[in-house]
Structures are given as structure tokens and as C-alpha cells.
Amino acid sequence: MSDCGCEKARKALEEYLHNELCTEDATDIREHMENCVDCSDEHKVGVVLSAAVARACAETAPEDLRSQVMAQLRDIQTHN
Amino acid sequence: MFVEQAMPLIDSLYGHAMNLTRNPSDANDLVQETYMKAFAAFASFEQGTNIKAWLHRILKNTFINQYRKAQNRPFESALEELEEWQIGDAESRTAVGSRSAEAEAIDHLPASAVKDALQSIPEEFRMAVFLADVEGYSYQEIAEIMETPTGTVMSRLHRGRRLLREMLGEYAAEQGIGLTTKGAS
Ligand SMILES: [Zn+2]
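As you go down the protein sequences, you meet chains B and Y in turn.
When you read off a place in the first sequence, starting at 1, and then add 145, the result is the number in the numbering used here.
When you read off a place in the second sequence, starting at 1, and then add 6, the result is the number in the numbering used here.
Incorrect hints may appear among the rest.
[To be verified] Here are the simulated EDC-like cross-link-like pairs (lysine to aspartate or glutamate), alpha carbons at most 16 angstroms apart as the crow flies:
#, chain 1, residue 1, chain 2, residue 2
1, Y, K121, B, E204
2, B, K189, B, E159
3, B, K189, Y, D113
4, Y, K43, B, D220
[Claimed, not checked] Covered stretches of chain Y, going by a simulated chain B footprint (3 or more residues, C-beta under 8 angstroms):
#, region
5, 8–15
6, 18–24
7, 35–42
8, 140–148
9, 166–176
Keep in mind that the hints were calculated from the coordinates and are not lab data.
Glycine is no exception: its CB is placed at the ideal position from the N, C-alpha and C atoms.
Just chain B, with the same shape it has in the complex (with noise of 0.2 angstroms):
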């Protein structure tokens, strides 16, 4: 099997990470990475990014703002 080598892996790893590959595309860099320490670090290093971010900036809107975009909808289409 020809590998697809680190440069190749390298720009393409950020779409890998977020699933912007084709099916095939895919798999080359996953089997690159099974072979290659450098590449299967630096993806890792993008996932715990990816993960860091999520877990930072969830945010839940407060029920108060619910309430009140809910009772200006109302407040809307009774004026309509």
C-alpha cells in the first residue's frame, strides 16, 4: 500500500479533523497515521483543541431570555 507521506497528511489533517475529507481521502491519512508517531500526535494535538474549545464556550441560553423572545413572539403575532 503507497502511503500518502507527512506532507500530504499534514494539510490535510485539520479537514480530516473535522470530517471535510472524502471516504477516501480519509482513510489514506488514517493509515498514515497508524504508521507515523508525528502525524498521530499532531492530530491529537487538534483534537484536544477542538475539545478544549467545545467544553470552554457551551453555553446554555438563561430561561429568562427564552421567556422573553417566547412572549415577544406572541406579543408579535396577536399585533398582526
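For chain B, the structure is supplied; the task is to place chain Y with the ligand on it using the hints.
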């Protein structure tokens, strides 16, 4: 009809609003305005197309028109000129050392540090990172929301994540977080 489709997206819209305005009070106002505008324009929304992207686009445009105008800063900045793949693309050795130590460090950072870092990167980058990594939108959806070509989304995302990674690496090194795998023994 509108309520059923739009209300389940309020957490996601509020998160986006927090990410843009950086404070709960402005985020509240922005979300409310977004819903009112979306309701008024709902007739023009093409059913069957992506309502998430549509609502996020309204939110972004409301932010640009109202909040950004007040700050008197144009949304599209000189940053566009810097948005070349080659800039910041060089392999930079981070402050933390090996990649596995870096991953471990980032994994152990307090959420507040990650939030601070994200809030300090340029807005266009921040928005792309937020939409991809927090909301899980595809590049195509982000392109629709930001109203830019997909290539621009990719470069913003790439540069934003690169900046974030550098800042978090520096922070971790300063705080001595995640150094256990380096030079132990
Ligand atoms: Zn490799």
C-alpha cells in the same frame, strides 16, 4: 411553525452571541433582536434549506450592523490581507515541548484560560473556530453564515486554531501545566 423550528436553536444562537459580544447582557439583546428579525423575515426563508445557517447569518449581520457600528470598526479588516496559508503555517515549536506533552497540557487547561485565549484572537478567526469546533458546523455551513468562500473559512479556521494553540502552549508553560511527560525520570 417559526417557533417549532427556531426555538430549539436558542442555545446555539446564544453561544454565538456570547462569542461575538463577549458579555451576557449584549448577548441577550442580540439573540432577542435576531429572533424578531428572523420572525419578520420568515416568509422569505426557503423551507427545506438550512434554518440553522439562516438564523446564525441573521445574528451575525445584526451584530455587524448594530454592535460593530457602535464600536466604529469595519468588520472586514486588514486581516484579509494576512489570510494567506503560508503565514503562521510554519511548524512552530511550542513552549511546551513534545506534541504529546502539548496535547496533555491543552487537555488540562482551565476553561477560563481557553475562553480568554479565544476572546483575544481576531473576530473573523474566532467566529470560524466557534462555528466549527463548538457548534460542529461544516465548512459549507460556516461559509453560508459568514458569507465568504469556503477557502476563506478554511484559512480563518487554520489561522485561528494556530493562534489559539500558540497562546495556550505559552499559558501552559507559564503555569507549569502538562510538563509531567517532559524530562520526568
Ligand atoms: Zn506523518
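Handout entry: Restraint status (C-alpha distance of K43/Y to D220/B at most 16 angstroms)
Key = holds (14 angstroms)
Exercise for the section: Examine the region 18–24 of chain Y for residues whose CB is less than 8 angstroms from any CB of chain B, and state whether their number is three or more. Expected result: holds (count 4)
Problem - Within 8 angstroms of chain B (C-beta), three or more residues of the region 140–148 of chain Y - result: holds (count 3)
Problem - 8 angstroms C-beta criterion, at least three residues: is the region 166–176 of chain Y covered by chain B - result: holds (count 4)
Exercise for the section: Examine the region 35–42 of chain Y: at least three residues should have C-beta closer than 8 angstroms to a C-beta of chain B. Expected result: holds (count 4)
Handout entry: Hint consistency between K189/B and E159/B [alpha-carbon to alpha-carbon, up to 16 angstroms]
Key = holds (11 angstroms)
Problem - Hint consistency between K121/Y and E204/B [alpha-carbon to alpha-carbon, up to 16 angstroms] - result: Given that 16 angstroms is the threshold and the Cα spacing comes to 12 angstroms, the pair holds.
Practice task
Test coverage of the region 8–15 of chain Y by chain B using CB-CB distances below 8 angstroms; three residues minimum.
Solution key: holds (count 3)
Exercise for the section: Quickly compare the C-alpha distance for K189/B and D113/Y to 16 angstroms and report which way the hint goes. Expected result: holds (10 angstroms)
Of the numbered hints listed earlier, not one is contradicted by the structure.
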